[in-house]
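Visitor: Read off the chains here:
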Amino acid sequence: MGTPCHFALFELQPSFRLDLDQLAARYRELARSVHPDRFADATEREQRLALEHSASLNEAYQTLKSAPKRARYLLALRGHELPLEVTVQDPEFLMQQMQWREELEELQDSVDLAGVATFKRRLKVAQEELNDSFAACWDVTARHEEAERLVRRMQFLDKLSYEVRQLEERLDD
Amino acid sequence: MAYSEKVIDHYENPRNVGKMDAEDPDVGTGMVGAPACGDVMRLQIKVNDQGVIEDAKFKTYGCGSAIASSSLATEWMKGKTLDEAETIKNTQLAEELALPPVKIHCSVLAEDAIKAAVRDYKQKKGLL
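Residue numbers (this note's numbering), protein chains in the order written: chain A, 1 to 173; chain B, 1 to 128.
Keep in mind that the hints were calculated from the coordinates and are not lab data.
Distance windows between CB atoms, simulated: (1) 2/B x 118/A: 32 to 40 Å; (2) 47/A x 5/B: 43 to 51 Å; (3) 89/B x 36/A: 48 to 56 Å; (4) 52/B x 91/A: 19 to 27 Å; (5) 123/B x 4/A: 45 to 53 Å; (6) 21/A x 54/B: 54 to 62 Å; (7) 17/B x 169/A: 23 to 31 Å; (8) 4/A x 25/B: 52 to 60 Å; (9) 19/A x 75/B: 50 to 58 Å; (10) 55/A x 54/B: 56 to 64 Å; (11) 8/B x 166/A: 19 to 27 Å; (12) 17/A x 52/B: 52 to 60 Å.
With a straight-line Cα cutoff of 16 Å, these simulated EDC-like cross-link-like pairs (lysine to aspartate or glutamate) come out: (13) 46/B x 83/B; (14) 125/B x 49/B; (15) 120/A x 169/A; (16) 59/B x 105/A; (17) 19/B x 103/A; (18) 59/B x 102/A; (19) 46/B x 75/B; (20) 115/B x 83/B; (21) 59/B x 103/A; (22) 115/B x 90/A; (23) 19/B x 102/A; (24) 46/B x 24/B; (25) 122/B x 23/B; (26) 59/B x 106/A; (27) 65/A x 21/A; (28) 78/B x 26/B; (29) 124/B x 26/B; (30) 78/B x 54/B; (31) 80/B x 55/B; (32) 57/B x 26/B; (33) 19/B x 54/B.
Small disclaimer: the values here were computed from a predicted structure and weren't measured.
No residue lacks a Cβ here, since even glycine has one placed at the ideal position from N, Cα and C.
Next comes chain A alone, as it looks inside the complex:
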């Protein structure tokens, strides 16, 4: 990799477990130090470098703060790019996903705000379980396939939590 790794930009070791508040604080600090305003009197080259640095910092932050993106990035660092444009056949998990989406649809139809809150908590628990499992196996070569399956599952839960947020916004109106 020609550019420093996303973790190195934040002076972190590659790890799945991250303190997101700390990451956000560090991001704000670093972003300030390369803000264009600080380079108003600098040379054109310095300005350009600051801009490039600011862009890679932003990209690194967007990747690291999202659990599925961070997980995929870690696998990529280990030399395993995970293609997402492939069909998943993980019947039991997909069956449950289908059920959850049906439940969410019913919550929408019945405008059940308390139900949505409960649903959200359950989803959060499931996401944390996935995160724990991934943290325990991503750097173990023998458990590589398991790590990949977990990342794919994370993708679906990530989409589902996005749908929940959208539903909340609609019900709030």
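With chain A held as given, fit chain B onto it using these hints.
Guide: Coordinates of chain B only, in the frame set by chain A:
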């Protein structure tokens, strides 16, 4: 992105939405998902003694193209034999729906769902 009229038609009036009893020995169920967009698709077929698909149902949580692809797939499968159904290609679905290149993977998902449903049925009947 603009959807084609056919996609909008299938999206607004999806054919064959529903659920069959997955435990029914004459029913084959295909469950597939696309991790990139988090879409989930269930496609089911009911097959008669002659090996002809009598009915097909689907349920898709995903974008308009994914819904349209699975809706069209169920339409095409009805009345076909299992072998004929298995020859349905994603490119045919994509062409019929005029899917743009970025949405081709939605038709791939539908093709994979067809194959998964047929395989599930064959497994139940001990044909594999």
